[in-house]
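K.L.:
Here is what each chain is made of, one letter per residue.
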Amino acid sequence: MGVISIQNLTRDYGLGKGIFDVSFEVERGEIFGFLGPNGAGKTTTIRHLMGFIRPRSGECRINEMDCWKKHDEIQKQLGYIPGEISFFEDMSGREFLKFAADYRKLDRDNRMQEMLDRFELDPKGKIKKMSKGMKQKLGIAAAFMHDPDILILDEPTSGLDPLMQNRFIELIAEEKKRGKTVLLSSHMFEEVERTCDRIGIIRNGKLVNVDFVEKLRERHMHTYTVMLDTEEKAKAFAKDFEGSRDGVKVTVSAKQSLETIFMDYYGGGQND
Amino acid sequence: MINLALYKREMKGSVKVLLIFAAIVTLYVTIIISMYDPEMVETLDSFYDIMPEVMAAVGMSAGSTSLIGFMISYLYGFILLVFPMLFCILRGNGLVAKYVDRGSMVTLLAAPVKRRTIAMTQLSVMLSGIVLLVLYITGLEVVAARVSFPGELAVPELLKLNTALLCLHLFIGSICFFASCAFSDTKYSIAVGAGIPALTYVLQMLANTGEKAEKVKYFTFFTLFDAAGVVEGERAAIFGAAVLFMGAVLLFGSAIGVFCKKDMHI
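Protein chains in written order, with the working numbering: chain H, 1 to 272; chain W, 1 to 266.
Bound conformation, chain H alone (with noise of 0.2 Å):
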């Protein structure tokens, strides 16, 4: 059984909303993207996950504890970054940190420190007067303070600068390396590409793909040979476009991106 298994999961909120049958699981030191248009139910199952909500019909369980039940013992090894960042806005970055690591009961001892100088944020401003990047900011140190060997990370990038992006996805490469379970739902097609193991792509409420990345690519990867008139031009088309040559006969491929897939996955439907 995976670290994070759902199972039938079923959430009706009526007029079609709400999520359907859905399962998947996510193995230890895996990371799994959770992809999907906006409202197709990617937090609606992370709640789930995070027993904010009550499964109806089907469940959900973490490390083999019930997510409603057993929330608490859950959470201690768990990590998390919600959709919608909104901390005590009466208290300024440091105070919440101090506070959110007091409430944890976490000694002195933790990453807090670490994920400041990674993603240069200075804590002392009010989280009222903050920008919506260092709310961001402020969101990955609580989630990651405690070392957590889970992640949930519900588009974890919003409002980040793109230089922090990429510190956000050379964060989890090496999350992944210690040993430690991303589920990391997302919009950006490029960091998924480059941080995830399998995606699971989610419309409408259900799950209508779950596989590996590569899979995803090799599938709809098209080949192309061409014959060329001459060698040296056969040479520099080749060169050109990255492909395999062959005397004058050159193979190139085009990689579909995925977002291309993506979209022949819920393009042209009825989402909204």
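There is no bait here: all hints are sound.
In silico DSS-like pairs for lysine-lysine, Cα to Cα no more than 25 Å straight-line:
1) Lys261(W) with Lys70(H)
2) Lys249(H) with Lys239(H)
3) Lys8(W) with Lys128(H)
Across the chosen pairs, the derived CB separations fall in these ranges:
4) Ser57(H) with Ile20(W): 45 to 53 Å
5) Met65(H) with Asp263(W): 15 to 23 Å
6) Ile20(W) with Arg194(H): 52 to 60 Å
7) Arg194(H) with Asp185(W): 37 to 45 Å
8) Leu19(W) with Gly133(H): 34 to 42 Å
9) Tyr13(H) with Leu199(W): 32 to 40 Å
10) Asp66(H) with Glu214(W): 54 to 62 Å
11) Lys114(W) with Gly18(H): 26 to 34 Å
12) Tyr136(W) with Asn8(H): 55 to 63 Å
If you only want the chain H side, here are some residues facing chain W, beta carbon under 8 Å, derived:
13) Tyr80
14) Ser86
15) Phe88
16) Arg104
Calculated from the structure, these hints are not laboratory results. Note that the Cβ used here is the ideal one computed from N, Cα and C, for glycine as well.
Model the placement of chain W on the given structure of chain H, informed by the hints.
P.N.:
Relative to the frame of chain H, chain W by itself:
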């Protein structure tokens, strides 16, 4: 049982509100107690003769000659009911519903802390605030009476009276806290948590004004707080306070139950 870090944070939030209410109460209590003297009572009683409905509506009645009777007339009908009630409404809503509504409840739930512990902590903050406020009022009354009229105030009677007052405010607090736990939207939590106490107070004012509206008293829980009766040691008045206390225990308990079971779309 409770989370100390959260308790500390919330008490900090309570202290600001408490200071404001303590200041208001200090102002009224000291002024009104210093106004006590038999001649002044006559003046106030003459007000009562001129406009009995208005005076009665805010719980002020004529004919009290002892200091505690005077205080019951002029403090326990309006000031010591309404200001602690406002405190209950403000904190009750702020401790749970506001966090769920704004989403900051995520911070509290996404940690190895049981929901029961979170609810118990917020409840402790609520209780601490109410108890502190009533304790402060009691201390203030004793000091103010001692300074202006040494030997006039029977402290055991005051303690009985303020125990009943505490029961009343615990009950009001429990309504606010229950509303805060039951509704995830501050709109509804305020509508119920502030609406019920405020409406019943208005009914109480109505019931006080005259015979025609007297039946209204059966529709307001303020009737259960019978200040003069408690001081006299009347059985019905003590029973009323006990009912308020039991009601508070019941509502606080249900509030925690509701909070532990509810879905939070945060």
